[in-house]
Amino acid sequence: MQYLLLIYSDEKADANVSKEEMDAWMGEYLAYTEAMRKSGVYKGGEALHPTSAATTVRVQNGKKVTTHGPFAETKEQLGGYYLLDCKNLDEAIEWAAKCPGARVGSIEVRPVMDFSQAP
Amino acid sequence: MTASTRHLLERVHRQEYGQLLATLIGWLGDLELAEEALQDAFLAAVEHWEREGAPHKPGAWLTTTARRKAIDRIRRSRSRSEAVEPQALETLPPAQLAVTENFDDVGEIPDERLKLIFTCCHPALPLEQQIALTLHTLGGLTTAEVAAAFLVPVPTMAQRLVRAKRKIKDAGIPYYVPPAHLLAERLDSVLTVLYLIFTEGYAATAGDALIRHELCDDAIRLCRVLELLIRRSQAQTDVPAAQYAEVLGLLGLMLLHHSRRTARVGVNGELILLGDQDRSVWDQRNIQEGLALVEKAFNMRRLGPYQLQAAISALHARAPTAEATDWPQIAALYGELRRFADTAIIRLNQAVAVSMAISPQKGLRLLEPLAGELSAYAPFHLARADMFRRTGQREQAREAYRVALDLTQNKVERDFILGRITSLGE
Numbered sequence: 011m012q013y014l015l016l017i018y019s020d021e022k023a024d025a026n027v028s029k030e031e032m033d034a035w036m037g038e039y040l041a042y043t044e045a046m047r048k049s050g051v052y053k054g055g056e057a058l059h060p061t062s063a064a065t066t067v068r069v070q071n072g073k074k075v076t077t078h079g080p081f082a083e084t085k086e087q088l089g090g091y092y093l094l095d096c097k098n099l100d101e102a103i104e105w106a107a108k109c110p111g112a113r114v115g116s117i118e119v120r121p122v123m124d125f126s127q128a129p
Numbered sequence: 014m015t016a017s018t019r020h021l022l023e024r025v026h027r028q029e030y031g032q033l034l035a036t037l038i039g040w041l042g043d044l045e046l047a048e049e050a051l052q053d054a055f056l057a058a059v060e061h062w063e064r065e066g067a068p069h070k071p072g073a074w075l076t077t078t079a080r081r082k083a084i085d086r087i088r089r090s091r092s093r094s095e096a097v098e099p100q101a102l103e104t105l106p107p108a109q110l111a112v113t114e115n116f117d118d119v120g121e122i123p124d125e126r127l128k129l130i131f132t133c134c135h136p137a138l139p140l141e142q143q144i145a146l147t148l149h150t151l152g153g154l155t156t157a158e159v160a161a162a163f164l165v166p167v168p169t170m171a172q173r174l175v176r177a178k179r180k181i182k183d184a185g186i187p188y189y190v191p192p193a194h195l196l197a198e199r200l201d202s203v204l205t206v207l208y209l210i211f212t213e214g215y216a217a218t219a220g221d222a223l224i225r226h227e228l229c230d231d232a233i234r235l236c237r238v239l240e241l242l243i244r245r246s247q248a249q250t251d252v253p254a255a256q257y258a259e260v261l262g263l264l265g266l267m268l269l270h271h272s273r274r275t276a277r278v279g280v281n282g283e284l285i286l287l288g289d290q291d292r293s294v295w296d297q298r299n300i301q302e303g304l305a306l307v308e309k310a311f312n313m314r315r316l317g318p319y320q321l322q323a324a325i326s327a328l329h330a331r332a333p334t335a336e337a338t339d340w341p342q343i344a345a346l347y348g349e350l351r352r353f354a355d356t357a358i359i360r361l362n363q364a365v366a367v368s369m370a371i372s373p374q375k376g377l378r379l380l381e382p383l384a385g386e387l388s389a390y391a392p393f394h395l396a397r398a399d400m401f402r403r404t405g406q407r408e409q410a411r412e413a414y415r416v417a418l419d420l421t422q423n424k425v426e427r428d429f430i431l432g433r434i435t436s437l438g439e
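Taken in sequence, the protein lines are chains A and B.
Heads up: the first sequence begins at 11 in the working numbering, then just goes up one per residue.
Heads up: the second sequence begins at 14 in the working numbering, then just goes up one per residue.
Just so you know, these hints were derived from the structure itself, not from any lab.
For each residue, glycine too, the CB sits at the ideal point set by N, CA and C.
Check the hints yourself; a few may be wrong.
Stated by the list, open to error - Heads up, simulated DSSO-like pairs for lysine-lysine below, C-alpha to C-alpha not over 30 Å straight-line: (1) B:Lys178 - A:Lys97; (2) B:Lys182 - A:Lys73; (3) B:Lys309 - A:Lys108; (4) A:Lys53 - B:Lys178; (5) A:Lys97 - B:Lys182; (6) A:Lys85 - A:Lys108; (7) B:Lys128 - A:Lys97; (8) A:Lys74 - A:Lys85; (9) A:Lys108 - B:Lys128; (10) B:Lys424 - B:Lys128; (11) B:Lys180 - A:Lys108.
Unchecked claim - If the Cβ cut is set under 8 Å, some of the chain B residues that face chain A in the computed set are: (12) Ala137; (13) Asp183; (14) Gly185; (15) Ile186; (16) Pro187; (17) Pro191; (18) Leu195; (19) Ala197.
Stated by the list, open to error - Some chain A residues well away from chain B (every beta-carbon gap over 12 Å; in silico): (20) Gln12; (21) Tyr13; (22) Ala34; (23) Gly37; (24) Pro60; (25) Thr66; (26) Glu86; (27) Cys96; (28) Lys97; (29) Asn98; (30) Ala102; (31) Glu104; (32) Arg120.
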C-alpha cells in the first residue's frame, strides 16, 4: 500500500535556525531518505518552499481567481512530503516516527487510494 | 425455531463468535466479508440444525459453512474479488481450508483471536471505535447490544462500526500480532480498551442496570481470552513479562471490583460506599480468583499500574470488616502507583487512604494542593466533606457537600449527598 507522509511544522520557528543547525538538519534528512531508499519503501519525496511562496487558485463562476499565500492559515504548515510503499499502516507509522520533522512538528500519514483494484 | 436450537445458537454465538470470526478473517483477509459470511452461516444453522439436528461440533460446522458462504459471495459479486480470488480459495491446502462433509473431522482450527484484538485496538482508530469494535467482533455483541451498553442510538453505533471497519481497510491497519518491538506499546492500548469497557459497566449508575452488568462480564471474559492467548503463545509472540504481569493485574482488578457488584447497590438502587457494604454478599469465587491473580502477577516482580490497583482492591477484599482495612498499606500502594502515573486523581485517593491510616487532618492537608486542579471534580469535594465531618467541622463539611451536589448530575449520587447533608443536622 502507498502512503503519503505529510510533514508539518511551524515555519516561523524554522526560519530562526542558524546555518549550522540547518546543515545538521539537512544531514539528518539525507540519512533518513537514504535509509528509506535502502529498505525499498521510498517512492518519492520533496521539500517545499514556505507558504509565503504559495499561490492559491480557484475558479469561481468560470473565472480564475488567484490569491497569494496558502489556502488556509494554520499553526503548522506543510513543508514537505514522502511517498512510501509499505506493507501496512504500522510500517508507515514507524517510518513517520523516524522522520526528523516528527520531533519538531507532526507527520500526517495518509493512505493513497488505489484505483487499479476499484470495482 | 425450537427452544433447544435457539438456546444452542445463542450459546455458540456468545462463546465462540469471536473465535469463529477471527478464524475467518485470518483466512479471508477481510473483516467485513468474514462478518457477512458468518452471519450467513448462523442463518443457515437455524434451518439446518432444526431439520437435521445439531452437529457435534457447532463451531466447526459454522466455520465450514461460513467458508462456503464466503466463496459464494465472492463468486456472486465480482466487485468483491479484490479481496480474495475465488481460485485462490480453492487451492488452499485442505488442512487450512477444512471444507469437509464430515464436520466432526475438522482438525484443530488455529485461534486467531489475538490478531483480531490487536486490529480492533489499533491506536489509529478513535478510542470509541476501538471499544465498539472489540465488543462487536470479539465479544459477539450485536450492534443493538453495543449501542444499548453505551446509551447511544443504534444508527449512531452502526455508523461508528462501519467507519472503524472502513478505516481498517483503507488505512491498511494490519491483521497480525505486532512484531516484538511494537508489542509492549500496542498491548497497552488493548488493556486500556478492556479496562474502559469494564469501568463503563462498573461506574454506570444510570441506564439499564442489567446491560451495564453484562458489560463488566464482557470485559472480564475478553481479558480471560487475552490472558489465555498470551500464555499459550508466549513462546512465539515475545510478550514481555512486564506486559503479561499487567494482563494478570487487570484481570485480577476487574474480578475484585466485580465481586462487590451486589453489595454496591441498595434495595432502592442507591449507591452504597465500600465502607458501608454488606461484605457477606461479596462474591467469594471472584475474590479468590482475583487474589490468586494478584499474587501470581506480583511474583513476576514486574510491577505496573494495573497490578497495583488490583493489590489495593485485594486489601479491601481481604478485610473482614471496614474497620479492619489495612489503610497504611493502601496508602503506600498509592504512593507506588504515583511512580507510574502521578495524577491528581491518584493523589486524591492516596489522601483518602492517609486520612484513614493516620488522621483526617493529615488527609485534608494532602487535599489542599489539589483544590485547583480538581475544583470541578465532585469526588474531590466529597472526600473533603467526609474528612471535615470526621474532624467535627460541620459547617465546612456541609459547604463541601453542597459544592459536590452542584457538580453531580446522577440522581442516585445526588440522593446520597443529600442524605449526608441531612445527617449533619443543624
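Query raised in the report: Tell me, which hint numbers fail for this structure?
Result: 2, 3, 10, 19, 20, 21, 27, 28, 29, 30, 31 and 32
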